[in-house]
Structure formats: C-alpha cells, structure tokens
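The task is simple: from the sequences and hints, build the whole structure.
Numbering of the sequence shown is given in the numbering used here, commencing with residue 2 and proceeding in unit increments.
It is worth saying that the hints were derived from the structure and are not from the lab. Quick caveat, the model's predicted, so the values are computed rather than measured. Think of the CB as a built atom: it goes at the ideal place given N, C-alpha and C, for glycine as much as any other residue. Worth double-checking, as some hints may not be accurate.
Straight-line alpha carbon distances no greater than 30 Å define the calculated DSS-like cross-link-like pairs of lysine-lysine that follow [stated by the list, open to error]:
1. Lys24 / Lys88
2. Lys68 / Lys84
3. Lys98 / Lys24
4. Lys9 / Lys98
5. Lys84 / Lys51
6. Lys14 / Lys51
7. Lys68 / Lys24
8. Lys14 / Lys28
9. Lys28 / Lys98
10. Lys9 / Lys28
11. Lys88 / Lys14
12. Lys51 / Lys24
13. Lys98 / Lys88
14. Lys88 / Lys28
15. Lys84 / Lys14
16. Lys14 / Lys24
17. Lys68 / Lys9
18. Lys9 / Lys24
19. Lys98 / Lys68
20. Lys88 / Lys51
21. Lys68 / Lys51
22. Lys68 / Lys28
23. Lys51 / Lys9
24. Lys68 / Lys14
25. Lys84 / Lys28
26. Lys98 / Lys84
27. Lys14 / Lys98
28. Lys84 / Lys9
Now the in silico label distances, taken between C-beta atoms and shown as ranges [said to hold, decoys possible]:
29. Pro31 / Thr100: 37 to 43 Å
30. Gln18 / His39: 15 to 21 Å
31. Glu27 / Gly64: 22 to 28 Å
32. Thr75 / Glu25: 16 to 22 Å
33. Glu27 / Ser60: 19 to 25 Å
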Amino acid sequence: MDQLEIFKALSNKSRLQILAWLKEPEKYFPPQEHADFHEVGVCVGQIQQKCGLTQSTVSEYLGILMKAGLLQSTRIGQWTYYKRNEKAFEALSDLVKSTL
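Shown next as structure tokens:
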C-alpha cells in the first residue's frame with residue numbers, strides 16, 4: 002500500500018465523489034443490462050455520465066484510483082466496469098487508526 006498514492010488519489014473532490022457513488026452503486030446508478038454492480042461494478046460510461054466530465058478526465062481519475070489500489074476493473078466485451086477494492090479501504094482504515 003503506497004500511502005502517498007492513496008492520499009493523492011483522495012485529494013480530489015470528483016474522485017471522492019466517484020468512490021462514494023461506487024460504495025452504493027444501486028443507489029446512484031440505473032440498473033445495468035449486462036452486469037451486476039456487486040460482481041463487476043459500474044460501467045465507465047455510467048460513471049462518466051454521472052460525473053458530467055469528459056471521458057478523458059474520468060478515465061484519468063479512474064486510472065489514478067486504480068493506481069492507488071482503491072478500485073478494481075473488469076473488462077466485459079467492449080465495456081470496462083469499476084468497483085471499489087474494499088480490502089484497500091479496510092487497510093487504509095487500519096493505517097489511519099494505527100498511525101495518524
């Protein structure tokens with residue numbers, strides 16, 4: 002766990018919002034035809050649409066969150082789905098409790 006990468010990833014309002022949405026995807030996104038939220042996550046197109054940001058910006062943000070280990074991705078056909086890496090959030094919680 003690279004602490005600096007994680008805290009950099011969390012230092013942006015839009016990235017924090019994406020993480021919050023992905024915590025309860027059924028609450029923030031319409032049902033998906035091809036995939037279950039809890040199995041594979043949310044389609045990048047739905048995330049981009051909800052953010053209202055350009056596709057390239059959302060892709061950059063998702064890449065930063067992936068690099069920090071906070072997200073996992075699954076590719077199905079031409080679509081990429083993202084979900085939170087809950088183990089990383091547990092480790093981050095432990096880190097904050099024990100160190101900060």
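Query raised in the report: What are the numbers of the hints that this structure violates, sorted from low to high?
Result: The structure conflicts with no hint, since it agrees with every one listed earlier.
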